[in-house]
Each structure stands twice: as structure tokens, then as C-alpha cells.
Amino acid sequence: MDNLNLLIAAPILNVQLLLDGLMIGAIFALAAFGMALVWGVMNIINVAQGEFVILGGYMTLLLVKYGLPPLLGIPFAAVTLFFLGWLLYRLIIWRIVDADMFISLLATFGVSIMMQQLMNEIFGSDVRTAESGLGMSYLFNNMVTVSQIKVLAFILAFVIGLALWLFLKRSRLGQAIRATSQNPRAARILGIDTGRVYAATYAINAALCGAAGALVVMAWSIHPYAGLPYTVRSFMIVIMAGLGNLGGVIAAGLGLGAAEQFAGFLLGAEYQLAFVFLLLVAVLVWRQINLARKRQYLK
Amino acid sequence: MNRTTYHYLAIAALALLGLAAPYLFPAYLSQFSKLWLFIVLALTWDLTGGQMGYNSFGNVVFFGVGMYAAAAVQVALYYPLAAYTAAKGGGTEFIFNTSQFLTGLAAGLPAAGILAALTAVALGLIILGMRGHYFAIATLGLAIAAGELASGWDLIGAGSGMVTPTPPDSLDTTTLFYYLSFALAALTFVFLAWLYSTRYGLAINAIRDDEDKAEAMGHHTIRNKVIAWTIAAFFLGMAGGIFGNLSKFIDPIDVAFNGAEIGVWMILMAILGGKGTLWGPVIGASVFYVMKELFWTYLLGWQRVALGLLIILIVVFFPQGIVGWLKERWPSRFGPTAAEMEAADAKGEA
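These protein sequences, in sequence, are chains A and B.
Converting from the first sequence to the working numbering requires adding 65 to each position, the first position being numbered 1.
Converting from the second sequence to the working numbering requires adding 21 to each position, the first position being numbered 1.
What you were told as hints is all true, and nothing was included just to trick you.
What the simulated footprint calls covered on chain A by chain B, stretch by stretch (three residues with Cβ under 8 Å from a Cβ of chain B suffice, anywhere in the stretch; the number is not a length):
(1) 179-190
(2) 290-303
One side only, chain A facing chain B, incomplete, derived with CB under 8 Å:
(3) I110
(4) Y336
(5) L349
Treat the hints as calculated values from the structure; they're not laboratory data.
From the three backbone atoms N, C-alpha and C, an ideal C-beta is built for every residue, glycine too.
Based on the provided sequences and hints, a complete structural model is requested.
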């Protein structure tokens, strides 16, 4: 527990960890928006979420390779992933919308391992990162450093969250999405093309993940098999926040980011992933115990 | 010939094949050993997944616990474990003679089963209260966390893994492990066939069909669920112990707690064969094992792409599995007979 003493002796370190965590958490929240949307509307838990994030990162690297500024990667990744999501829906996902949830878990898991190895074959297995071109900011007499790309990620998470909320509330398609999520049969009777709504939902999810991935590759690094933790984090955030609660998703995402930074610092980086997965189990158990008091179950 | 005769004929043929394989296919013996272990994996997954309706992504935890437990006991009987793992095993320093090796196995395999079963009790009491996909995701988290924890634990070799005891040259371990795997598969099959014919088998089927009603009718559902998972874990743990010795090297993430491969394969094998049937996992494991070996031989580099495609095809287009399909296609030959259905009814009412 040397690191704990260090935290107490140098309180400014807490600020550093907290800021880092909050900003990383904003990226998690971005991917979690998509998962909440797909889960709420289509009743599918998309295990390929993390692979969408990683692919978004590779799209950004593709731009960099052709000499374009990496910041353009955020919209570029979102657009390409949007089309990929649409394609995947038309090929595979539409068959499992009405199926048992376990079927959709397994099928999207299949998509996920396919994408992992395809990315490995196409882009190589190295750990890659992109230079965002933004600098660092120094706070508190240079005691705390903040990279500006993370600040941008933080702001973008809020902006995109707000835009998504407005889109769902105001736009025609957004209203159709909400109607379909409430009652798909009634929506069909009222003339909504639910197939198109599902396709749009899945594609928007992929686009959100793509944008998150572009930020991940600039703020951090990616490799083809790094997707699963992002899936698990999204899942965790959605369970903590509940479906249909965009504000909750942001709050849970920021909380998770901060918790992970502190855990990584205190336990050592090698246990950071173990912490994420054990936290998932702990969150589920905690929800389960709360529900069991009311004789209800997590299902 | 009626259906029961077919059933016994199939068992007899399989048993004969199993006993004679060392003489028929001596070159492929280690592949056959793994096939029997895969059958154990599919059968035990189906006990909770197919018969009880609890789809676990995390059964590989028990497999890995068993693997480490067996290896640790085999070593610790004769040498200090920490020194052994620190030296990365083997070498000239840690030598096992025939009797030491066999005693180690005889103690290690039951210990593996028991430790895995205890793990199942502890974990089951906590997470078997969850249902449906929450249970599935929680077990997925456990499987990956277990791998990460094992790769941070120095006593069992941490990230660099652990070498299982090197057998003496005089011992024909290929045949030994073949018969061990075969015996374990046979034991698991017979035990589960018996279990499904008892009232307890009906109880876990009731949990799958409607858990709330089962509870309302007075079943202690949590207890029954934990028992089923514990049984699955016991056999899985022993399978892990044998598998570790077969592989000769235990890597925490790529061999022991390999949730993305072995953890998913066992689900796929059970679904491919037919969930919730006795023969389904056996057939599914055999078909899948052959396909997997082909993928890994001829599609190296693309094997996971092929596997992912296979998963999608199976779960989307063929969720009833081979046995389920046979039952639909020829109900007179493969479906339950009228007498059996009446007997099941009578038992359910008794």
C-alpha cells in the first residue's frame, strides 16, 4: 500500500488521477450511449461494441496514413462505422432481433471474434496510437498535466449526449425509434417501418462507438484484441444507469473512469483489467441483493 | 428395434470405440484424448445451460481452477511449489519417478474436482440469484477476471505460466491420459444420464421451464441451481486437471481461463448437438472438434473468422441442434416414446 501513502502525502496526485479518470470515463460513456440505445430499442446486448470502438481507431489511423489531420478521424470513423453498422444489421442482426437474448449474445459474440481477427489480418497486431496534434495543459503550478485531446473527449461526450437526446425527442426518426422501443407491434400498425428503425438504431450505435474509438486511439492506444473491456465497461455503465437514462450513462461513465484510474494506481496496472471485470460482478451482485429484498430478480 | 435398443447399441458402439482406439488409431491418440475431454466440457455445460436454462459463459473458471489445482498438488506432494514455479518447472532439479508421478495424479485429479466444486458453491451462492442474460454476463466477467488474477499470482507462476510435472520416460503417458480422459467422459455421461432420470433432473427442468412456478411449488431453486453447477464444476475440474497434463504447460489466459476460446466452444458444442438432450453434447462435441481441427490446420490466421462465422450460422440458423433437428424430422425414431412421456408425467405428479 505504498501508493496509498503516496496519495495521502501528495494530495495533488488525487486531482491528477481524478481528472484523468473523468476524461477517460467520458469516452466510455460515449460507447455506452450506443449500447443503451440498442439494448433498449432492440433488446440486444451487442458484444461487438468493443470491436466497433477499436475499428473506429483504425479508421482514424487510415486517415493519418494519407496525411490528413487525425482530428478529422472522429467524424470519419463515425460515418464509416455508421455504414458498417447498417450493413451488419441487414446481413445478420435483423435475424436475431426477435430471438431469445442468449441467441443474440452469442451471435454478436461471433461478430466480435470475426472482427478481431479480420482487423488483425488487415491492420496488423501491433499496439498503435495516433498523435492528435493537440498539446498538454498544465494546472496547479505544473503539478497536474492534462492532455487536451482528453478535454476534447470530455466535452464531446456531453455534446453528443445532448445531441442524441434532442434527436430522440425532436426528430421524426427519433420519435419512431422511441415508439418502436415502447411497442414494436403498435409501431408497425401505425406505419413505422420498424426494420428501418432497427437498422438506424444499430448504425447509430456503431457510429457512436466509432467516434469513441477515434478518441481512444488519440488519447490512448489500440490493438485488434483490445475490444472486450470496452464492451464490458459499456455494459456495466448501462446497468448502473438503467435503460433510457442518458444523464445516468454520463454520470456512471465518469464514475467508472475515475474508479478505474484510482484502482490502477493503487493495485498496479496489471490488476486494472481484473478490477474492471470484478467490478462488473460486484455491480451485478449489488443490484441483485437490492432486488432480492423485494422478491424480484435481475432478468 | 425400438428406441431403447438403439440407445444401448449406440452406447455399446461408443464404449467399444473408446476402448479400442489406442489399437486402431495409435497416431491420433492425444487428439482422441482431447475429444473425450471436449465431450465432458459440452456435457457439463449442458447440465446447467440446456437442462436448467442457465447459460454460463464462465464454466471455464472451473476448468482452469482444476488445471492449476491438479498441477499444484502433483508438484507440492514432493517439492516446494514456489521454488518449482520460480524455476519454471522441469529441468534436472525437479524429477518425478513413476510412482511419484502416478501418486501425484491420483491425488491431484480428485483434488482438482473438489476444489473446482468448492469454487462453484462459493460463486453460485452469490451469482445464481441472477437470471437470464445477467447471469450470462456476470459469468463472462468472472471468467476473464479469473484469468487476469491468475496471471498476477506468483505462487502459480503468474503471467509466465506453469509447467506440469514431466513424466518419467518409462511411462506411456499418451495411453495413460487417453484412458483417463475416456474414463472421465464415460463416468460423466453415465452419471448425467442417471441424474436426468431422477426427480432432481425434473426439478432442474422445471427451473428452466418456469422458475417462478417451480419456486411457488416449493422447490428450493437456489439450492438446486447451486447443486447443478457444483456437479458440473466437479467433472470440469477433473477434465481441466487432465487437460493441463496433456498440454504440459498452463498459461493463465491462453490455456487455463481461456474464456474466448474454450469457454465459448463448450457452449457451441452443446448448441450444435442439441441443447437439453443427453446425446446432443456428445454428438456436438465430436462434430465441432473435427471442424475445429480442420480450421486450425487449413485456415491458420483466419481460424477465428471461420469460427465466428460458424457461431453466427449455428445460433441463427440451427439453434435446435442436430439432435433437436432429428427429433423434429423423425419423431417416431428419436422423439420421446409415448411410454416414456407417460412415465415422466407420472413422476412429475408423484
